[in-house]
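For the protein sequence lines, the chains are A and B, in the order given.
Counted the way the working numbering counts, the first sequence spans residues 654 to 803.
Counted the way the working numbering counts, the second sequence spans residues 1062 to 1486.
Calculated from the structure, these hints are not laboratory results.
Be aware that one or more of the hints could be misleading.
What the hints assert, rightly or not - No farther apart than 25 Å at their CA atoms in a straight line, the calculated lysine-lysine pairs in the DSS-like style are these: (1) A/LYS770 - B/LYS1252; (2) B/LYS1332 - B/LYS1068; (3) B/LYS1068 - A/LYS776; (4) B/LYS1274 - B/LYS1421; (5) A/LYS710 - B/LYS1241; (6) B/LYS1193 - B/LYS1252; (7) B/LYS1274 - A/LYS776; (8) A/LYS662 - A/LYS776.
Stated by the list, open to error - Among the chain B residues that face chain A by a calculated CB cut under 7 Å, a handful are: (9) TYR1222; (10) TRP1225; (11) GLY1227; (12) GLY1228; (13) VAL1230; (14) MET1232; (15) LYS1252; (16) PRO1354; (17) CYS1412; (18) GLY1414.
Glycine included, C-beta positions come from ideal geometry on N, C-alpha and C.
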Amino acid sequence: MKKYELFVKKWYENLEEGKITAVKCNECGTVEFPPVYVCRDCSGTDMEWIEISGNAKILDIMDVKYMSSSISVSEMQGSTGGTSNGVSKEDSRPAVIQLEEGPMLNTRIYGVNSTNKEELWEKLPLDCKAFIVQKDGFKTVGFMYEGEEE
Amino acid sequence: MYNKVGKFARRVFIAGVGCTAFGNTLENPETVGTTEGDLIAEAVAEAMDDCGIYGPEIQAFYKGQVLSDPTSDLVTPASPFGKWIGMNGKQSVSNDEGCATGYITLDLACTDIASGKHDIVLAVGVEMAQSKPIPDVSGAFRQPIGDTAMRIGPMIEDRAYTRWFGGRVGMDAYPSQYRKRYGLSAEEMDKTLNCLIANSRKNAAGNPRAIYKETMEATAKKAGYDDVEKFLKSVFNPKLSEYIRKYGMEARTEGAAAAIVVSEEIAEKLKEKGVKVIEVLCCTAATAEISTPNIEEVVTKEVLEEAYAITGLSGKDIDLLMTNDFRIPSQLLTMELAGYVPEGEGWKIICEGETTYDGKYPVNVNGGRCHFGHAYGASGLADIYEAVKQMRGESEGNQMAKLPETVLIRGFGGGQNATAAIFKA
């Protein structure tokens, strides 16, 4: 019986060591982020752990605040939008990004707010960088817009 | 090739349909005390009376419900209800595919008939999403859902990784992409979505089962506005996101809907008795993990391609489009991806008011999730109810003048699924 490595556990352990990791299919070269056991392109299962560069492109940015129509007008006016990953939601927005290694995913982009969102959206795609975010009891990954290069 | 589906092994027909009013049972003294069983029984009784087939003749039932744990305190959530509908002892199957549940429930029922296993089965969906049980007390006594509702959204995301990435882009993904693709200004997109709201409300206003039974003009008037467009841009229709406003988001409700599905042999006998049966030409489905960018477009394209390949039909053949629109841009997305309207023209057609039941391109003529109401596990079957009623010319208050002969029903929801079914009169 083949013994499978616990991918999810290993990914979080790698974050604790300061490494943002993915897996690469040794049969076709496709990179999977976050890691999964089976390659989406060729269904290969010979996956090798790699550390990603962290370089990515922002493909889309959105400005979602509330997920329900039940919220009242007064609640909306009094809300600051709360926090996400320990950072004010006012400084981040949901986004679509693509890693330099290939994978695309929905995530959260930091360094974007209601002031600069529309201006940045007009300029897409833009560069961003992965970073490790501390949540309550574990770490995860976020992406930061660091401004345009001079 | 993966994910390609074939034709049904034998023909499948819908014989009878039923649907309760969609609303909040705790808001009306007459409906306080309603249980899941009451709603199921009401919808199923209507479907049985509709075709003259009753519990003893129905060989199995498929039941959909999304929140059977948090709002009904049930596991194995189909089996308790057989006795409510004269089907004690019959096979029951439960399913939960989020907001795609009702469509998948129909798929399961159709696949059963198509396989030859049974000749008469029932598909029923129920949801009580505005209230929840009081612990250790009978189901007749319920309390408002409160904060439990806030847990539901994240529960459809992958708990290992993606729930923690915070990438809940779904609400705005399509409007953002559509603007880029066709060069719409933010103002034009806002106007398009507000027109969708107004069109949907017009569809709902005449429908006795809809949660919103008044016109948007009447709603605006109550808030002191004579101009609907100004009202829809006002604080009374606030933005929940960059593009989605309050009336462009699902109206969470409680309700049930049902369909009795039969083989060709049974359908022929029913036709002799005057029952207007509707053929289901295909049921297709596709799923992707929710962090997949532009997921609604990705999975919808897949299921539509399959549905058209099976039937040989195209968007030009469709007379009525029903689509899950718990976020109202889904109407625009489906119209365009289905080829129901020319690509890039959908927003103009919407702004011209042509998606109402008396328009050139009718969409969600029952009012859709935002104005008919969204009772998650029941909503897909409520769409099916409306499609069948329209095809027979039996809709109340929102009947299309020319009866639709071919109807496309696109489902979406869960984590995330899309479905496509095509009905033929």
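Query raised in the report: Can you name, in rising order, the numbers of the hints this structure does not satisfy?
Result: 3, 6, 7, 8, 15, 17, 18
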